[in-house]
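Participant: Start from the sequences and build out the full structure, keeping to the hints where you can.
Add 5 to the 1-based position in the sequence shown for my numbering, that's all there is to it.
Hints may contain errors.
[Unchecked claim] Now the in silico label distances, taken between C-beta atoms and shown as ranges:
id, residue 1, residue 2, range
1, I277, S213, 22 to 28 angstroms
2, V156, Y53, 21 to 27 angstroms
3, V269, A149, 33 to 39 angstroms
4, V140, L210, 36 to 42 angstroms
5, M270, R198, 33 to 39 angstroms
6, S213, G191, 17 to 23 angstroms
7, V175, M92, 21 to 27 angstroms
8, V269, E35, 37 to 43 angstroms
9, K202, V159, 35 to 41 angstroms
10, G171, I71, 24 to 30 angstroms
11, P65, A149, 48 to 54 angstroms
12, L152, I277, 20 to 26 angstroms
13, N132, R82, 17 to 23 angstroms
14, F212, F186, 17 to 23 angstroms
These aren't lab readings, by the way, just hints derived from the structure by calculation.
Ideal Cβ placement from N, Cα and C applies to all residues, glycine included.
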Amino acid sequence: FWLKPFRHRLAHVVTQSSGKHFPTMKGYWEPHTSSIDFCEENYRFTPYVAELLNSITSLPIVAVGIWAWVLTPPVFRSRLRFVLCWMAFLSVGLGSAAFHATLRRPTQALDEVPMVLANLVFVFCLNNPKEEWTVRLALLLGLAGALLVVVYVVYEFYAVFVVMYGAVVVYLCTHSAVVAFSGTHGPNAPVIRWLWKAGVGTYALAFSLWVTDNLACSQLGVGHLHIAWHGLSCAGTMLFVLLLVAITADKDGVVVARRLHCGVMPRLVVAISGSAEAKKAS
Numbered sequence: 006f007w008l009k010p011f012r013h014r015l016a017h018v019v020t021q022s023s024g025k026h027f028p029t030m031k032g033y034w035e036p037h038t039s040s041i042d043f044c045e046e047n048y049r050f051t052p053y054v055a056e057l058l059n060s061i062t063s064l065p066i067v068a069v070g071i072w073a074w075v076l077t078p079p080v081f082r083s084r085l086r087f088v089l090c091w092m093a094f095l096s097v098g099l100g101s102a103a104f105h106a107t108l109r110r111p112t113q114a115l116d117e118v119p120m121v122l123a124n125l126v127f128v129f130c131l132n133n134p135k136e137e138w139t140v141r142l143a144l145l146l147g148l149a150g151a152l153l154v155v156v157y158v159v160y161e162f163y164a165v166f167v168v169m170y171g172a173v174v175v176y177l178c179t180h181s182a183v184v185a186f187s188g189t190h191g192p193n194a195p196v197i198r199w200l201w202k203a204g205v206g207t208y209a210l211a212f213s214l215w216v217t218d219n220l221a222c223s224q225l226g227v228g229h230l231h232i233a234w235h236g237l238s239c240a241g242t243m244l245f246v247l248l249l250v251a252i253t254a255d256k257d258g259v260v261v262a263r264r265l266h267c268g269v270m271p272r273l274v275v276a277i278s279g280s281a282e283a284k285k286a287s
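Facilitator: Okay, here's the thing in structure tokens:
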């Protein structure tokens, strides 16, 4: 309730901060009901898609999720936690495409809610609880996710999403740094540390472009920084999921190595399996 006095003010500030100075044509989805409008000129190419380039560049996120899941070592590929991690790419990619195509509030939720919930799955994987705590942590994160969705629905402005999403991202980066550089001393340590540096570094660059796209659009007149955000944030998140796989492998006694599939797609392969299950699966 304490946010109510600031609700409309923040909505106005956040939405208008990306104010476009481009001329726009009348579009099929107008009037728009989303709480944010990005820098790409609306309906530039067709009256049926609000932000065509932003929408199209959301779809490769889906392909990356499927491809990365297929390339995951078999011993980890079938684990529900990692299935959910990679399937999150599908929901976010499709939701993002729908959001940029329509700039409507329901499709905005299809883009942003999966991003928040996917982060909670990452939190579960990062903590990798012991068997007796698995169900408890899953229930706790499930309740947290439900609460975040309720808050998101009640307070319909972009700042709520930014705070919810950003807070969990900061936790993930901080906790994973502790694990990578202080809590890991096994044979997977070099892989884990490389993935942390590459993943967090790539995502930080993506975030800087996202901030620029939101806050300096009218000053810079650059309408396509959000495309770079899609590509770099997808790459950074993919590397972070590989980091979660490597951390889990380290705890399971499975030695993994980095490889490039077709010279472009980072992947992990099992180098030495420390358990009969891992050997059989690999």
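Participant: Hints numbered earlier in the text: which of these fail when held up against the supplied structure?
Facilitator: Checked against the structure, the hints that fail are numbers 1, 2, 5, 6, 11 and 12, while the rest are satisfied.
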